[in-house]
Structure formats: structure tokens, C-alpha cells
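Visitor: Input sequences plus hints: build the corresponding full structure.
Protein chains: 2
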Amino acid sequence: MTIPWSEAAPPSFGDVLAARERIARHVHRTPIMTSRSLNELTSAELVFKCENLQRSGAFKVRGAFNAVLGLGERQASRGVATHSSGNHGAALAMAAAERGISAYVVVPESAVRSKRDAIVRWHANIIDCAPTLASRESTLAGVLEETGAHYVPPFDDPRVIAGQGTAALELLEDAGDLDQLWVPVGGGGLASGSAIVVAAQYPKSSVIAAEPANADDAWRSMEAGTRQPMNSPDTIADGLQTSLSPLTFRILRDHEVRVVLASEKAIRRAQYLIMDRMKLVVEPSAAVPLAAMLEDPDRVRGQSVGVILSGGNADGGVVPT
Amino acid sequence: MTIPWSEAAPPSFGDVLAARERIARHVHRTPIMTSRSLNELTSAELVFKCENLQRSGAFKVRGAFNAVLGLGERQASRGVATHSSGNHGAALAMAAAERGISAYVVVPESAVRSKRDAIVRWHANIIDCAPTLASRESTLAGVLEETGAHYVPPFDDPRVIAGQGTAALELLEDAGDLDQLWVPVGGGGLASGSAIVVAAQYPKSSVIAAEPANADDAWRSMEAGTRQPMNSPDTIADGLQTSLSPLTFRILRDHEVRVVLASEKAIRRAQYLIMDRMKLVVEPSAAVPLAAMLEDPDRVRGQSVGVILSGGNADGGVVPT
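So the protein sequences, as listed, match chains A and B. The first sequence begins at 37 in this note's numbering and counts up one residue at a time. The second sequence begins at 37 in this note's numbering and counts up one residue at a time.
Note that these hints are calculated values from the structure, not bench results. All of these numbers come straight from a predicted model, not from anything done at the bench. Any given hint could be a false lead.
Among the chain B residues that face chain A by a calculated CB cut under 10 Å, a handful are [to be verified]:
no.	residue
1	Arg-72
2	Leu-89
3	Arg-157
4	Ala-166
5	Thr-168
6	Met-311
7	Asp-312
8	Met-314
9	Lys-315
10	Leu-316
11	Arg-337
12	Gly-347
Backbone N, C-alpha and C fix where the C-beta goes; we use that ideal spot for every residue, glycine too.
Guide: What follows is the structure, given as C-alpha cells:
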């Protein structure tokens, strides 16, 4: 059994503003930071939005809180459920706990330890599954049937997308006009929300979505003009192994978001540089935008560039390359 | 040949205020951060001062800039010199570069890579030596004789101590009244500067200096009431292997600073927890206060506690314990 894709309309900029109001008491307004050393390396003016310092260690709480707080009482009373390799699962667990409802999270056995630990910390019910999309979906379908819980997908949902857009909104408010806004892209929730904000408020800026070359479905989809399936992703950026949904693909295509690729080697180097120069722990997925810049500095030379450091839930053992 | 200890008087609180003015354009006012998760673990209200996000990755730039900017023109023209296993050397290199004078840094071969790299980045002249105090001192004496450079010690200097005190000043301004202020102690510059600030402005707070049990000269000195030598330190807290000087010992004793110890195991765990829960890269030395709290939570239970995260220059490879 598979879970059908959402057929909802994309969220509007107004939905992002509403999300901001709804989640304000529950999420941090994370700081922005700069690094002279990384500016020199890229010949650009970089402004980093530190969603690694966000509650639960990733931007995902924004969408999760917006979805959970937006549910009616009766729907909420049966709890919420999702499948997630990590950050969305922890975010949903936290949002459910703060609303006082149950959360059920289907977690592939391959999930990194720190992400699994975070889900446990918020007292969600963890249901293990094999590390395949088919297993995730069939296990989740069983959970939904058994519990009557409401499914909050990791990205394929207008409320989730609107919530993720609040990170870009804050970054642009704090940093002022930027030439470019870089985000990592996996399922496309953060990239979609960012594109909606930029189009509405900062139309001179462009959104650039960075993706591991070894998990390049978004890049291929934009090239082909139709949504392409993910082919066995093989990347350390464990948060970016999912493919776009019809909804997120449509938003990225309609907003002409550019997708660029980064090699595994560059991702590891960028993760190390952020830790070494900025003293911030980031997970590999969060380093993908900087990795893509370093691989082709012409992309950013002389530009003012916002970068969303999407999360910090890395297992230990980062070593210099 | 050995370098004589300073015979200068301790700096006053006014010297700390003057230092703040002198260095303001050169150092960051670093943020404070809190962590719900670490509050739960310690049953205290912790406020962390993020000197790991300071320029050069450690509080040491405060003292180095205060010393370098306080030199007269003629004295400065011959450059500055020091011996350092890392952070002070990088800080002095940066301060000298910004004043446009030469820096000579004697570095033991055992220095961690990221610290040596930072010294190189600021174009200091690096002079290698064996990893013993005798070798550091005789090598430095040769450098001073040859160059006529002014010696800026890592801690045994009123201007350096006054500069380090500015970190505590900012923390107490930003966090409001605190029951306790915790700092790591090696040579005692940060602890001394903090004690002077607290005594002058926040007399109800107490300063607690945390030291590796495997490098416990400060603890033994306070117990004995006379300065005790360091006995072959064996700790991952590479910044805390030096012993107190007569000047810093006198300041800590006169201010009744309490010294507490942390095991190597607790230091490693605390370093991991700060990275895992706060997403901040810290070096082992910076984790020693939290380590000492976790080993004996009665020390902080129910208290409001400031903690100076002294630096972030850790080599890669931190793994969970």
C-alpha cells in the first residue's frame, strides 16, 4: 500500500505569515552569523541562518508545529503520524508533545543515532521499518489504519511548506536584501517555502537549491521539466535522500528555482569548514549549499548570499578531509 | 634560561573597563546561549557565554589585544613574542597583524593541528620547540634576545588578565544576576579576570574554576595555600596544562575562588553533550566546567549559573562516549 501524494494547492505568502504567528511561541528565532574566513574562501558575502540552533536541531520544527497546531481538536485527539529518517520525526514528536497528543514515527533502521535519540527524547512511539520507501509507506499505512492518527508528511503538505518558509522570512528580514538565497533540497519543503517568500517579498533575489550529486532527482526533474524518480541515493547527506513530490516540484518549477549539485567530497569538506571556522555543528545536509559554492565559486563571486544551515543533528566523528 | 614571573600588581576592575574600551573594535561581543536539555541534566539554569564563537575561536584575543594595543609605539615596533600551545599564540598573531607589527610564537610540536593552523593564518613567525616548559622558555628567551620583541605572556600579565575579564563582564551584563560563574582554569588568566569583575560588580556571585583532575595544580595550590607545581599533566584539555603563576595564584586566593576537578571521562562526555545538544563546537578545555557539574550535580542544583565556553579550536573526530 502506498500513501497518495497531496493534491492540495501550494501555500500562499499569506500562509507563511500565518504560520509565523501560529508557531512563534514554540520555535526559536534563530540567529544569523557571518564568517570572514568563509567569505574569503567564496569571494562572497555569506549570511548563515542557524537552523542547526533551532529547537530539535533543525528547521523541521517550523513545518511540524504549523501542521500540528493547525489541526482541529477532534482530528488532533487521535494523534499524528509520519515516516522520517530523523529530523521531521523529532520535530513532529516535539510538536505533538507540546500540544499534548500522541505521535507515531516510522523510522528506518538506517537512521543516524542522534536523530533517533531525539525522537525518543520527545516520547514518540517509534515503529521500526526497513530502509526503503516501500517499507516506510506500508508500515505507516498500517499505523494510520490502526490508530486513526493524522498523517503529517515531511514536506508534501501546504502547511508544512508554509512553516518551512518562515526560516527564509526571518533570514531576509535580518540580513536585508540579498542577491541569492541558498538552501539544501531533498523533498523540497524548505526550498518551496523559501521560493514562495522570495517571490512575494524579495523578487530581485534568486533561490538556489543545492542537492547531492549522488541524490540528484531534483536536478534531473528541473532539467527534464517533469518529476523524475530518485535512483538509489548514495550520499552522506542523510536528510536529502527523498525525492520531490508533485506539489514541491510544481512550486520549484513555477518559481524557476535553480538546482545545483555538490559532490560527496565537497559536502564533507564544507561540513568540516563550517565546524572549523564557524564552530557550529551541522549535519552533512546543511553543508550542501556551501559545498556547491566551493565547487564552482563563480556561482556566488561578489554576491550577497543567504544560506540556511538546515540542521545540526550529526553523529560524532567528523574529521578533516 | 627561564623567563621570570611578573612582579606587577593585579589589575583593578577599572583596568577591565579600560580593556573593554581598548579592544571593542577588535573583538566580538559573543552571544549567550541556553539549553533546555542541559538545564534538565544539571537541574540548574545555565547561561553559556560563547567564546568559542569569538575571533580566532577563543577568549584569548581579549587579553592579547589589550596587551598589544597598550604598548607604546617604540616598544611595539620591534614586535611581540610568546610561547603557546595554541589559542594565545593565534590571538597574539591576530592582534599583532591588526596593529601591523611582527609576532613570534614558540609552539611545542605537540600543539593540536587546528591551533597551529590558526597561528599560521595570521602570518606569525612560528618557532618550533619540544613539548616541555623548559624548552618553551629557553626557545622564547632566544627569540626575545634576537628580535628585541616584547613578551606577551599567556596569562601572567595584568593587561592580559584585565582583557580576559571582559568576557565575564559581558556575560554578567547580558545574563543579569547569577549565583555562580564557572570558568576553566589553566594558567588562571580567565579565572583571575572573572574574579576581579565579580568581586567589584556582583559580590553575591561566586566564581568557580574547573580544572582537569589530571592537571590539578590550581586545586592543590588552593588546598595548600601556597602555589604548587604542575606534575606532568595528562589531559585532553590541551589548553589547561599550564600552572598558575604567582600573580594569578594570588588573585584566585585573595578572591577565594573555589577550584573543582573533572575527570577525563566527564570532560569527554561534556564536550560531546555541548556539541550534541547545543550544536556548538568546543574544545575539551571549554567543556571542563560542565564536566565538573555533571560529576557532582549538587554543586549547581537549583542555581543560576554562568559558564564561559572558552574556545572552539578542537581537532576533528569527536565521538560519543
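Visitor: Using the nearest Cβ pair, does Arg-72(B) come within less than 10 Å of chain A?
Guide: holds (8 Å)
Visitor: Just to be careful: measuring from the Cβ of Leu-89(B) to every Cβ in chain A, is the smallest value less than 10 Å?
Guide: holds (6 Å)
Visitor: Hold the hint about Ala-166(B) up to the distance rule: shortest CB distance to chain A must be less than 10 Å.
Guide: Since chain A brings no Cβ nearer than about 25 Å to Ala-166(B), farther than 10 Å, the hint is violated.
Visitor: Any CB of chain A closer than 10 Å to the CB of Lys-315(B)?
Guide: Hint on Lys-315(B): holds, closest Cβ of chain A at ~4 Å, below 10 Å.
Visitor: Would the hint on Asp-312(B) be counted as holding, given a Cβ-Cβ threshold of 10 Å to chain A?
Guide: Holds. Min distance 6 Å.
Visitor: Tell me if Thr-168(B) is really an interface residue toward chain A, meaning its C-beta lies closer than 10 Å to one of theirs.
Guide: Violated, because the Cβ-Cβ distance from Thr-168(B) to chain A comes to roughly 27 Å (cut-off 10 Å).
Visitor: Using the nearest Cβ pair, does Arg-157(B) come within less than 10 Å of chain A?
Guide: holds (8 Å)
Visitor: Does the nearest C-beta of chain A fall within a distance shorter than 10 Å of the C-beta of Met-311(B)?
Guide: Holds, about 5 Å.
Visitor: Against chain A, run the beta carbon of Gly-347(B) and see if the smallest gap drops under 10 Å.
Guide: holds (9 Å)
Visitor: Against chain A, is Arg-337(B) within 10 Å by beta-carbon distance?
Guide: Check failed: Cβ of Arg-337(B) comes no nearer than 22 Å to chain A, outside 10 Å.
Visitor: With chain A as the partner, please determine if Leu-316(B) meets the hint condition of a C-beta pair closer than 10 Å.
Guide: Interface hint status for Leu-316(B): holds (6 Å vs cutoff 10 Å).
Visitor: Grab the minimum C-beta distance from Met-314(B) to chain A and call the hint holds if it beats 10 Å, violated otherwise.
Guide: Result: holds, 8 Å to nearest chain A Cβ.
Checked against the numbered hints given earlier, the structure breaks hints 4, 5, 11 and satisfies all the rest.
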